[in-house]
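**Q** Which chain is which? The protein sequence lines are A and B, in order. All you need for my numbering is the position in the first sequence, starting with 1, plus 386. All you need for my numbering is the position in the second sequence, starting with 1, plus 125.
Don't take every hint at face value.
Stated by the list, open to error - Between beta-carbon pairs, the in silico distance windows are:
| id | chain 1 | residue 1 | chain 2 | residue 2 | range |
| --- | --- | --- | --- | --- | --- |
| 1 | A | D446 | B | V279 | 18 to 26 Å |
| 2 | B | A169 | A | L593 | 43 to 51 Å |
| 3 | A | R390 | B | S259 | 15 to 23 Å |
| 4 | A | N585 | B | A265 | 37 to 45 Å |
| 5 | B | N248 | A | E459 | 52 to 60 Å |
| 6 | A | P501 | B | E157 | 48 to 56 Å |
| 7 | B | E190 | A | A615 | 29 to 37 Å |
| 8 | B | V158 | A | L568 | 25 to 33 Å |
What the hints assert, rightly or not - Pairs of lysine to any residue residues, derived as SDA-like cross-links and limited to a Cα-Cα distance of at most 20 Å, are as follows:
| id | chain 1 | residue 1 | chain 2 | residue 2 |
| --- | --- | --- | --- | --- |
| 9 | A | K590 | B | K144 |
| 10 | B | K172 | A | P564 |
| 11 | B | K144 | A | Q436 |
| 12 | B | K144 | A | P443 |
| 13 | B | K264 | B | E253 |
| 14 | A | K507 | A | E455 |
To be verified - From the derived model, a few chain A residues whose C-beta atoms are all more than 12 Å from chain B:
| id | residue |
| --- | --- |
| 15 | L415 |
| 16 | A536 |
| 17 | I574 |
| 18 | D594 |
| 19 | Y600 |
| 20 | G603 |
By construction, these hints were calculated from the structure, which means they are not laboratory data. Here the structure is a predicted model, which is why all the values come from computation and not from measurement. Glycine is no exception: its CB is placed at the ideal position from the N, C-alpha and C atoms.
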Amino acid sequence: MSERLAPFRPYAPGTQPDNNAPGYRSTGLRHPTRPLLKIPQTITELFGPQFSPAQFPPTDNIAVSGTHEAVGERIIVAGFVRDEDGRPVANTMVEIWQANAAGRYNHPRDTHDAPLDPDFKGSGRVFTDQNGAYRFITIKPGSYPWGNHANAWRPNHIHFSLFGAGYATRLITQMYFPGDPLLALDPIFLATADATARNRLIAKFDLDVGKQDYALGYRFDMYLRGRNATPMEDHHADHH
Amino acid sequence: MQTTTSQTIGPYWHLIEDKSWSDLTRFGATGEVITVTGTITDGANAKMTDACVEIWQTSPVASDEFPGFGRAATDDSGYFSFKTIMPEPVRGPGNILQAPHLAVTILARGLMFHLATRLYFENEPTNENDPVLSLIGDKALRNTLIARQTKTGVWHLDIHLQGDAETVFFEI
Chain A
387 MSERLAPFRP YAPGTQPDNN APGYRSTGLR HPTRPLLKIP QTITELFGPQ
437 FSPAQFPPTD NIAVSGTHEA VGERIIVAGF VRDEDGRPVA NTMVEIWQAN
487 AAGRYNHPRD THDAPLDPDF KGSGRVFTDQ NGAYRFITIK PGSYPWGNHA
537 NAWRPNHIHF SLFGAGYATR LITQMYFPGD PLLALDPIFL ATADATARNR
587 LIAKFDLDVG KQDYALGYRF DMYLRGRNAT PMEDHHADHH
Chain B
126 MQTTTSQTIG PYWHLIEDKS WSDLTRFGAT GEVITVTGTI TDGANAKMTD
176 ACVEIWQTSP VASDEFPGFG RAATDDSGYF SFKTIMPEPV RGPGNILQAP
226 HLAVTILARG LMFHLATRLY FENEPTNEND PVLSLIGDKA LRNTLIARQT
276 KTGVWHLDIH LQGDAETVFF EI
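With the sequences and hints as input, model every part of the structure.
**A** What follows is the structure, encoded as structure tokens:
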């Protein structure tokens, strides 16, 4: 690890949610109350975990369990993972998890009175290719109620987890579906001030991503932090 | 294009949990094996039982034998535990060595954006000149990042998201 890497750029103002999000009740006792301490990006932050398909086998079709098809509307979700400069983020692991078609997670703490589907576990992982492209097959998740406020329902969503090039590029997000009337009521979606930024969490309906007589398609591209143009980490060492 | 917006990991992230990931020695890494345990406490002084904790270390250098990365859930009592290899000091900015440390990420329901902090080891002499610890003038605050040794090979850190003992969290 002797090479020098440029630090990752700061997030654009307003494009990331504040952890103090009063509309989302669970943030009340969980958001730090002191300002975050800005630290330099060292090799700890500039490098990050890398996962190989050999050690972390991909599971790109989670709409099927053995030979049993899961219940629900089969969909294909595909897109690119790129950095802010449009460069592909290749060979990076993409983890997903979601509720089943009825809006129930295969999770012991989900007590929503909707049926479980024995053929839908609800999680998978894929790797991007050299162009940063990923693709998986699943079923469209249902909405479900949650206790945040009276008659609160989460919009349909799929959870995503990405790592990217460094520890500093970690991203956990949720993909939403176009035209969902619950988006305008959802305090998690609305926690991000910048409407353009949050609207990019809504996938694009795209028949070409789908497959005739098989599945509808949604395109969801994700962007991870880009690097500054020049290495800064050893700035002082370079000039003394 | 700007970086995609973060959303909470939520209460059901365990669907991607693989309990083996909390053992960073599972691929055959050798070295000084240590156990790192901890708790995460919220602003009502309740231990969080639904959090996802991730660690990352650049020493030893990641390889097929050592992923450098681990993930663990807090259990019903609010405890998490990792088995890993004790890191050595690593290069820091301007040729100042960084003390041995683990990067720690906390994700949970109620966190819209993951929290980043570090875990250092008590009685480690290089802590004194560590470039990140040195940014924290207040000794009590600095100590929120320093795990204590509870027995041979076992280190423990209590992380607090709010309150008098609130942990120092980073903007990276």
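**Q** Provide an ascending list of the numbers of those earlier hints which the structure does not satisfy.
**A** Violated hints (numbers, rising): 1, 8, 9, 10, 15, 17; every other hint is consistent with the structure.
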